[in-house]
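Chemist: Dock the two chains into a complex; use the hints.
In case you want the letters, here they are:
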Amino acid sequence: MMKRAIRVVIAISASLGLWAQVSPKPERTADEMDPLLAKIATYEFDQSRIPLAQFTMFVQDSLTNPALLKQIEARLDRFLQSDATAAGKDFAFRELSLIATDASLPVLTPLLTDPAKAEMARYALSKIPGPAADEALRSSLAKASGNIRIGIINSLGQRRSASSVPALAPLALSSDAAVAEAAAAALAQIADRPSLDALAAARAKATGLVKQRIDEEYAQCAGQFAARGDRATAVRVYRQLIGPQEPQMVRIVALGGLAAAEGTAAIPALVAEVESKDPKAQAAAIRLLGGIPGPEVTAAMVKEYPKLPPFSQVRLLSALAERGDMSVGSLFLTAAKGANPDVQAAAIVGLGKVGDRSSVLLLAEAAANSQGAEQTAARNSLYNLRGPAIDPAIVSAIESSSGKVKVELIMATGERGSTAAADALVKAVQEQDPDVHREALKALKNVAGPAQVPGLVDILVNASTAADRRDASQTLALVVKRSQPPQIGAVLAAYQKNTAAQARLSLMEVMGQTSSEQALPVLRDALKDPTAEIRRGAILAMTDWADATPMADLLAFAKGTANESLQVLALRGYLKLVALPSQRTDAESARLLAEAMTLAKQPAEKRQVLALLGNYPCKETLDIAQAAVADETVTKEAKAAVDKINSLVKYK
Amino acid sequence: MIHNRRRFLKLAAGFPLIVPASALGKDGATAPSGRVTVACIGTGWQGGNNVQSFLDEPGAQVVAVCDIDGEHLEQGRTAVNRKYQNQDCKAYHNFEDVLARDDIDAVMLAVPDHWHGLVSTAAARAGKDIYGEKPLAQNWAEARAIVDAVKRYGAVWQTGSWQRSESQFRFACELVRNGRIGKVRTVEVGLPGGLTDFDGLGDQDSPMPPPKYLDYDRWLGPAPYAPYCPARVHKTWRWNLDYGGGMLMDWVGHHVDTAHWGLGMDESGPVEVEGAGEYSNVSRVWNAPSKFRVVARYATGVVMTITGGREGVPRGVKWMGDDGWVWVDRSGIAAQPRSVLSSVIRPDEIRLERSPGHFRNFLECVVTRRRTIAPPDVALRSATPGYLGIISILTKSKIEWDPVEQKILDNPAAERLLGRTMRSPWHI
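Respectively, the protein sequence lines represent chains S and D.
Count along the first sequence starting at 1, add 249, and that's the number in the numbering used here.
Count along the second sequence starting at 1, add 9, and that's the number in the numbering used here.
There could be a bad hint or two in this list.
[To be verified] Facing chain S, a subset of chain D residues (Cβ under 10 Å, in silico):
1. P233
2. D357
3. R360
4. R378
5. G428
Simulated from the structure, these hints should not be mistaken for laboratory data.
Where is the CB? At the ideal position from N, CA and C, for every residue including glycine.
Excised from the complex, chain D in its bound form (with noise of 0.2 Å):
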């Protein structure tokens, strides 16, 4: 349950007003009156990187941000108050405080995974648009619970599967889409392996009293209880399954959401997943699996197979179809036969929208209210995947799927698993 205190302000001061900025983001400067107002919650790792992109937009003015961890919430006060060259910027520990206040139009999520559905519920309730990071929550059922609540609240919202708003990306999806390939028969998605120590901190394991500046208990929040270690925060707690998913639900938000876009799946699921991961054991927090490979079913026929952490198995996408292939990664595309390249995207044929760059396009659409190039209903649907693959591979089952019901077939063990109990006080 979400105490926000402070709610009464909202309904005793009148209402929220948006000023919209120019509706295509003028370049050069906006007078901070016409720009969407933006309040930045999780400003460590990729918050940070966020919080630097939203400062880099015109059409936006970061006036708050919020972390539990002192430090990183210094440093992103820090980093808005030198852009704007002022003092400007409020920093809060608490989201429920920022949600409070109506003069914010937006906020920006970057919390860890299992604290999505949470935040970004609220969010929407609070009458936020939100750019949240991927994957949409760290369970189906929060995700599921997101799409719900940004549609009940009329949000706004952009998933920070970015991968969409890049040409090349787009180019491979219209390529595919449109048939340049034939019928696609199969789909291999590499992801990255392995359980990354990004800040050599593994090995600091062993239970610890938490740092004064980091509100640990909030940081648990909705998950079990666990004593507090270096190794299970920051950056690092994705590699243990109360938090995040692994590599394969770091990832499922990039490369599987472009699969599906290729595949024109956005509004559809597989239906059958199994999976099956390899663990290593060695660390006392990291239980997520560091290899895998889930091999996914569509009614159309097309198997998809997701891949983390095996050798020859290149990063990326690469759709497979009667009359060739299109390979599409960060670092380029390539095709099979070589001229599907030089395609020419008819505009009587699927033309996939293009995107100004992703936080443009979340702040274009917060003034227009169209739906963004990554909408959450979308995102669940590229997740789904990742969570029926996490869940055969705890329960060594072939998970059979309905994609119109969204729901698992005759599994009662994997049903389980779709959700989570959350530790109290919290629900959504």
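Isolated chain S (complex conformation) (with noise of 0.2 Å):
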């Protein structure tokens, strides 16, 4: 109960004043610490945190505050020098090493070779700027032993402690393998010339495991020589690591050194690799010429597919793709049409970034007469292909082709979007085929433009199938939407020309998802059509519409009809345009939904006009649904409006 308690009123006040961007920092003082101090030398781990945070926040709030900051340390130094906790002190460390100075090092320094201390001195300390507390370290180092001995040294290669050089050569060669790692690693952080000396000295005694990592550090260390400009001193030690005795990760990390700071220069030495038997060591030469960029590596490259076993080729084709280096597509065309499935899928893929008009053809192909994930890849290169010259190039192919083959050019039409497709497409609609019908229809959606509305509007009025129509009557609409100012002419003068039910039914759907003003006259006179078939059209079709506009047209026609299932669609339909978002107050939204409820005869209808009360929470709703609370088919839906409207009202 307790402890329930505690919890709330901690949430209560921890959600006080953090909520905001960085506010400026309340005004704390130092004599906050000792009662917080006081309960964290007491802190296990099993007790609140609160002092903790608290403390926490108080550090937190007084780091812009310098004068305050050094009597903030100066007690955690006292702390750490008191008889509190364990846990309290792991506190303090914590807290010291956001803000220690060289102030703490008197405290700390002795704390770094204190078994039960070590670590969390050195995690306070570590975090001092400046040369005493690389001093600090250093003096520990002699005197300690085993793990805390390593954190030390990584410590100093941590600070990059250049001043610690002398005292880390030479315990890179330590007989105590760890300890000679660590040294070596530390000194590839430090990476100053004596660091890299004392590497190269170390690694002429290693031997075995050791050597190996210290190489590694080698080839760090002379790395930081290239970032910093000195390529000539990394060059001289990258060439020192790559010759075949060298172990393999270590020839790698040093073609890779190499290949950044020499460049095109690096070609010897990495095509050397190619050539070697060591697929580990050939993968990532070839990986590393690929990202040097100029003609004469991708001409090297090129000369070395040919030797390279399957799944080398693999590797150097994906490379060659990468660079984007147009001039290698008849290597990739050769290779498509290869014996080896593995290379063919690798050139396919990469003929999406270095193909040309002469791809197409292939891609085409090749997507025809595969599956799963190669026609995917084969596809996917075929809608990537880049230039000016590649959209005629599928139209020509379009023309010139047949079935399967056909169809993936259509589509990839669709997916580039090629306008320049769309007269062969519209052309292609008509073929017998009747995937090359289906899929110039789907791709013209992308890519049709006014001047096809013509042919669309042929298309859709001599339609076949309701799949074909539902296609038509989208593309159509997306076309008339998209062109400015809309071509809605050609849609109302083929409902004109066409007097067929089924034609008219679809012209009516694009005037509904275009929703032109031109189109409405139509559909009001649809809308008195002696066939139902037709009424239900322009219905549907006012149904549709982008805005409120036909709803007064929907509203008088379910007024007036006899036609009960007609009646409910126009009702729907004008409940619909009521909904969609608008300027009116709630009081006209009232009045339109009061009309719709005395037309609703089913409890269907009448509850999709409560649902609705709720969006306009005012008296007037609130009228309407209270009156329907008394209609036993709708009681429940209308007390849930009730009270819905009575909670909105209240906040209004």
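Modeler: What follows is the structure, encoded as structure tokens:
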């Protein structure tokens, strides 16, 4: 119970004050520390962290107050020397890691070799900038042993303590492998000239695994020289490490450094590795070559290609493709027709980056004759081909191909948004091949423009299947909407010209989707058509409208018709338009919904009205809902609406 | 320091062979000898899911699992053996032993954040390709070390930022990158908040002996010593700043990564970050902020706000431009004007990489040595607003950041928090 009460208090107090951008910090004073530290002095891990969190916040608030920070640091140093709990001191070390200065060194330094406190003392001390902290760590090296000693070495490296190189250099020669490796890593982080020399000396004497590790650090150190602009030194080191006698990973690291430092001058060394028998080093060399710009590198890679086994050719093709150098297109075309399926696949993937118009048919054929991942890759490459000649090449290929290949080319035009293919696609829709017909219709959605509207209208009115009508109407609607001004005239003219019910229904669907004002008179006439089917089509088209303009038409129809199913359809359409975003007042919306309620004969429509009432919370909608409570068929929904409106009205 | 007791085997036995799978990962059966051999290090929560993902890939052969929790380890081994209908999966306690195997091509790493830097760099050094969970590391300095090691050792790396392999995220980013909403001014990133008590063990936050099946000291690894309790480990470690970074860092590798992808910020970053956080302070162990708001400003003028645990901020990423907005989340994509969603991205525009699936992309790149769709340098950039956000919260200061040199400007206290001091003998 108490724990729960405390939790409530804590949650409330914690919710105050921090929810903002970094706001001006509260004024803190030194006398806040002692009460908190008194609690922290007895802190154990099974206790509440509240005092710790409060002290942390106190420190955070004080970070821009140097005078107070000094007092905090001094107080924490005294805390470490008190008889506070280990857990409490652990916390103090953590806080000191953020703020400690040289002033804390007299307290922290002796603890660096205290087995119980060494780790956290180093945790705090390692963050103190400057040479004095380096000296503190260094002076503890000789006194430390085991992991503590290694920890100090690690910290000297992390601090990039150049003054510690004389102390670290002999440790890189230690017979203790862990010490030697730690010292080598530290020297590589420091990466000045003496460090490099120390690593060179160490590698000359080391053997086995330790030597390999030192060699890696030697290369790492050279990398720092290269980063600072001293490429000559770096290259000298790398060239020592790329010989065939060196371990594989050392060669790989050195080759990487060489490639970065020398660029094209590294080609011979990289090519030598490409021609080696070591698959991993070869793979690395291929990748590294791929990262060096310039036509001479491309030429070198192309020259190596025929010498390689298939799995290496895969890698080389991938690396060439990443370069995006289109001069290698012919190599990829040849590889795509080769015997090895893996190489073929890599070439097809790569053509997406380096292919040109001559790749179009090959990729379409590859897509047509494969499945799964291979088909996806061929399609992606076809869709990604770049350059002004590609779309015309695809159009030309559409006209001269057939079957699955033609289908793939047609799909590509849609994916590419190739407006140049629009006329060819309109023509393709007329073909007997059902796949060609279907895909051409789909692709036109992305491709057709105002010039294709007449053709699309013809397709729509002559469509023989529901799927075709759907695709054609969606496509035509999209194109009409995209055109500026909207090309609705052709649709309206076709409506007047075509008396067949199906054609008219399809055209009305387009009118609804495009919501063009010019279409409204046609639809209003259609509402009076003697054929129920046409009247129905007009209702659906108006229901699809993008704004509430036809709302009054649908309401009038719902009021005047004797056809029950059409009445319901019109009422539903009316409600859909009422629900569209508008600038009406809630009272005005209420009036519209009241009209609907009087017309709603079935529970389903009444529920629809009740569901909308809550969107317009006011007295008028409340009245409607309350009146509906008496209707047993919708009592539950009416009560829910009443509750919702009441709760919303309260907040207005 | 990594003690690799069996490293000599690699030197003595010859070079590792990589027998490539089909470059595209053929559907259907692939002979075991044609698969990429994978070892899974960390087979608990996310690790267990990743094990299954690799088992579902015909181009991969999982040959080993590794975990310092004996129960997780056995679950991992059982899952692998069940899939392959044999008992061939080897189980390891120490990741060093896994990395010493020359026959393993790649590793999946799903260890707690505070271990990411150590295991990842060791794996790269051992010549392994790596599928590594996000965020890249527990702190910026270790994340940077991973980037450097992967580059130095020529490893293929995939970050577990799988949204990059999902078409709706890619499409959303393409719409933004290709100007469909005009010049982007602001980005809202909505993340979960709170400190979720996933397994209901949050109340178990008093010290107690660790279970026998858990090597707790190794679990702590480079983190400062703290006594074991169930609330400290498995799943909820992410709520303690010694091991994770709260919800902010848990999700930065997803939605901030997507935000950056859409902004074209994969090679850059913010110039200024400031954050504020709120703490519940109820738990004895969980000290990450339960609510937060981080504002990152970019040199382009874009302002990105990352919010967690706040009502009214929808999850996901919303880019807002002069001509509209695009929003995307795992549940869908929306835009204003709606017609933006009908856009076709043409070949001459920015077309972002299509991925066949996040694990499939990794395996393909292991074979081809191409860059993956979520490489580590990009992961570092994506996580940087999070790292700086946490630092801002912990120092209550605005962080000025140089995205070219990747350093904090004029804020010594904040600089101290870019990296951490590891418990010995661990170091990168």
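Chemist: Next, verify each hint and record whether it holds.
Modeler: For each hint, the structure was consulted:
| no. | hint | result |
| --- | --- | --- |
| 1 | P233 | holds (6 Å) |
| 2 | D357 | holds (6 Å) |
| 3 | R360 | holds (6 Å) |
| 4 | R378 | holds (5 Å) |
| 5 | G428 | holds (7 Å) |
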